[in-house]
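Participant: These protein sequence lines map, in sequence, to chains A and B. Just so you know, the first sequence maps onto residues 1116 to 1462 in the numbering used here. Just so you know, the second sequence maps onto residues 1116 to 1462 in the numbering used here.
Don't read these hints as lab results, they were simulated from the structure. Certain hints may be false.
In this list, chains with the same sequence are indistinguishable; a pair is considered to hold if it fits within one copy or across any two.
[What the hints assert, rightly or not] Pairs of lysine-lysine residues, derived as DSS-like cross-links and limited to a Cα-Cα distance of at most 25 Å, are as follows:
no. : residue 1 : residue 2
1   : 1317      : 1410
2   : 1406      : 1330
3   : 1409      : 1330
4   : 1171      : 1131
5   : 1386      : 1217
6   : 1298      : 1185
7   : 1185      : 1217
8   : 1365      : 1406
9   : 1365      : 1283
10  : 1409      : 1317
11  : 1409      : 1282
12  : 1410      : 1365
13  : 1216      : 1185
14  : 1216      : 1386
15  : 1410      : 1330
16  : 1365      : 1330
17  : 1283      : 1386
18  : 1171      : 1185
Note that this is a predicted model, so its numbers are computed, not measured.
Number of protein chains: 2
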Amino acid sequence: MVSEEKLKKVISEILKGYGENEESALLAADCLVKAEMRGISTHGTYLLIPMFQRVKGGMLDLPTKITLVKENNATSIIDGGNGLGQLAARKAMCISIEKAKKYDVALTLVRNTNNIGFLGYYSNFAAQEGMIGFVGCNAASSMAPWGSSEAFLGANPISISIPAKNKKSIVMDMSSSVVARGKIRKASRNKEEIPLGWAIDKEGNPTTDPNEALKGTLLPIAGPKGSALAIIVDIIAGMLSGSRFGLEVKTFHELEGATGVGAFCMAIDIKKFYDLDCFCSMVDSYICSIKNLKKVKNVTEVYLPGELEFISEQESREEGIKLDSKIIESLNDILEKLGSNLKLVHD
Amino acid sequence: MVSEEKLKKVISEILKGYGENEESALLAADCLVKAEMRGISTHGTYLLIPMFQRVKGGMLDLPTKITLVKENNATSIIDGGNGLGQLAARKAMCISIEKAKKYDVALTLVRNTNNIGFLGYYSNFAAQEGMIGFVGCNAASSMAPWGSSEAFLGANPISISIPAKNKKSIVMDMSSSVVARGKIRKASRNKEEIPLGWAIDKEGNPTTDPNEALKGTLLPIAGPKGSALAIIVDIIAGMLSGSRFGLEVKTFHELEGATGVGAFCMAIDIKKFYDLDCFCSMVDSYICSIKNLKKVKNVTEVYLPGELEFISEQESREEGIKLDSKIIESLNDILEKLGSNLKLVHD
Chain A
1116 MVSEEKLKKV
1126 ISEILKGYGE
1136 NEESALLAAD
1146 CLVKAEMRGI
1156 STHGTYLLIP
1166 MFQRVKGGML
1176 DLPTKITLVK
1186 ENNATSIIDG
1196 GNGLGQLAAR
1206 KAMCISIEKA
1216 KKYDVALTLV
1226 RNTNNIGFLG
1236 YYSNFAAQEG
1246 MIGFVGCNAA
1256 SSMAPWGSSE
1266 AFLGANPISI
1276 SIPAKNKKSI
1286 VMDMSSSVVA
1296 RGKIRKASRN
1306 KEEIPLGWAI
1316 DKEGNPTTDP
1326 NEALKGTLLP
1336 IAGPKGSALA
1346 IIVDIIAGML
1356 SGSRFGLEVK
1366 TFHELEGATG
1376 VGAFCMAIDI
1386 KKFYDLDCFC
1396 SMVDSYICSI
1406 KNLKKVKNVT
1416 EVYLPGELEF
1426 ISEQESREEG
1436 IKLDSKIIES
1446 LNDILEKLGS
1456 NLKLVHD
Chain B
1116 MVSEEKLKKV
1126 ISEILKGYGE
1136 NEESALLAAD
1146 CLVKAEMRGI
1156 STHGTYLLIP
1166 MFQRVKGGML
1176 DLPTKITLVK
1186 ENNATSIIDG
1196 GNGLGQLAAR
1206 KAMCISIEKA
1216 KKYDVALTLV
1226 RNTNNIGFLG
1236 YYSNFAAQEG
1246 MIGFVGCNAA
1256 SSMAPWGSSE
1266 AFLGANPISI
1276 SIPAKNKKSI
1286 VMDMSSSVVA
1296 RGKIRKASRN
1306 KEEIPLGWAI
1316 DKEGNPTTDP
1326 NEALKGTLLP
1336 IAGPKGSALA
1346 IIVDIIAGML
1356 SGSRFGLEVK
1366 TFHELEGATG
1376 VGAFCMAIDI
1386 KKFYDLDCFC
1396 SMVDSYICSI
1406 KNLKKVKNVT
1416 EVYLPGELEF
1426 ISEQESREEG
1436 IKLDSKIIES
1446 LNDILEKLGS
1456 NLKLVHD
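Make a model of the complete structure from these sequences and hints.
Facilitator: Structure follows, in structure tokens:
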């Protein structure tokens, strides 16, 4: 087990070694640590490995320089400068929150960034400010539009968060595909089979082999519905932002050049509609109503969206963060290559 | 076959007979006719039957009186006055479009309305104005949150439309459930079985009997993902608008009192981000790219979201609208009861 503080220190040390500045390294580290704590390890410390490759390959521009491209009343576009996606998305949500205070609802688009990590992190920023947060981003093509067998769309995830009062926020965070590509990459790393229904191979046949699935395409949720969602997200996050979309978006996990990922961050100010305190109390009651519903056989608890992740975060805070031994090895290897004296040790 | 014009005349005659005023009756009729033309008959003329029951039962307040409850910069809440949902949702989208011209993005919430028909109708209004439209509404509980066997959520649909230049808009329009409850009601009316995976009976068992399914609950798309989406839509459309949510929303299809449906209509002004003409051309190219992808076996064409519905609309315009003979019978019965001289005849 590794403590939150220790892991954050190691990650920010690594990010500084990559060329990020101190303040930004700490901010980005927070996103990666929270991913580990919430049990979303595909968006956690693992990302430091492809980042290392990209830094070495000259494909990640650090320190991250974010510039304002365009600004209107409630909307803006920022350029992520091919830096850390975690910083660009954070900045975008902060802008939307500030603008929503004035205009009630605000939308900031991000162009030219990279993998932004897990989206619930940013939508939840809005919830913490008494707003509804709505985030989406595109990704390298890994999924065929419904009816096609050729990858064109990314797993293009969205997240919406709604604040509660004494309960944890409701955090919907889902990809347009049955699973995120990261889960298949993880199965591949762990030499595990994947369930049928996650993906098809490059000929369009169902497969349980993660490596065949990585060469083939992911399956969208609910067929044409997930396919439609991925198209919409690609157009708003990628095309409208002036970033890349469709086949032009490159994966963060191979050295094929800048990824050109685009994202959107929207904030809706609840108190422009409803007394915030009353609203959050109603959300608390709503959560209770759902948790008190009759359960299906063999289920002992109904969980709200994001609840399992918050429970995992709390456990990690109390008991420490459990990291994969291979990841620890990789991080220590990176630390050594960067000439750092830090070393990550599992207690 | 019935012509668009004729059907619109009959429907508006019926709506006027129910107590709606002339102008509003024509507007609402347009939504019902478009649903029929696009092949979404569950949201078409069929709705005139439960409307008739509700008018007789004193549960639909016509003519529809829409009032502005609250207004800020880019946001508003309107009250649908327990009238026609088609009019309230239309009004909400019109307000959002106007406000988005000034503030770039705008959100209007609707409380105290009824079944708003098919959502793509309203999101597409925004697309026609060079904007992205985003619509959602809640509905009577028919779906159990993931992990529960008790209906609490509606099939709570969302729709997002994106304009193209020479092509038809991209219109995502989907419920949070595997199918809309209307499809199961239709199977029940037609005494047809439903596929496994659409719903569970009231004990939580899979069922192919539409009547058992109507007593049980719908299944959400992609399990916890669809469940999360329905929760989010219920909270924004129902709770934030000051309308009903969860178990309090009543079905339009039984006489259990006002439904208390809530909705949201958002418009995002594209030209605040990108030259509108360029953007729409890019959407055209994007559509072409998708249509040119390799198809899966036995599929001859990849359809964009909403494309099949636009094709059906065009066919209906050219060849006439094909109505179910039972629906024609019901409509003629209603016309007679209303003392109208009109009669619907299939050519």
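Participant: Against each hint, give a clear statement of whether it holds in the structure.
Facilitator: Consistency of the hints with the structure:
1. 1317 with 1410: between (40 Å within a copy, 12 Å between copies)
2. 1406 with 1330: between (41 Å within a copy, 22 Å between copies)
3. 1409 with 1330: The answer is between: 15 Å across copies meets 25 Å, while 42 Å in one copy does not.
4. 1171 with 1131: within (14 Å within a copy, 72 Å between copies)
5. 1386 with 1217: both (12 Å within a copy, 21 Å between copies)
6. 1298 with 1185: neither (36 Å within a copy, 45 Å between copies)
7. 1185 with 1217: both (18 Å within a copy, 16 Å between copies)
8. 1365 with 1406: The answer is between: 21 Å across copies meets 25 Å, while 41 Å in one copy does not.
9. 1365 with 1283: neither (35 Å within a copy, 28 Å between copies)
10. 1409 with 1317: between (43 Å within a copy, 11 Å between copies)
11. 1409 with 1282: within (20 Å within a copy, 48 Å between copies)
12. 1410 with 1365: Classified as between: cross-chain Cα gap 23 Å, same-chain 43 Å, threshold 25 Å.
13. 1216 with 1185: This pair counts as both: shortest intra-copy Cα distance 19 Å, inter-copy 17 Å.
14. 1216 with 1386: both (9 Å within a copy, 23 Å between copies)
15. 1410 with 1330: between (39 Å within a copy, 17 Å between copies)
16. 1365 with 1330: within (15 Å within a copy, 48 Å between copies)
17. 1283 with 1386: within (19 Å within a copy, 37 Å between copies)
18. 1171 with 1185: neither (32 Å within a copy, 55 Å between copies)
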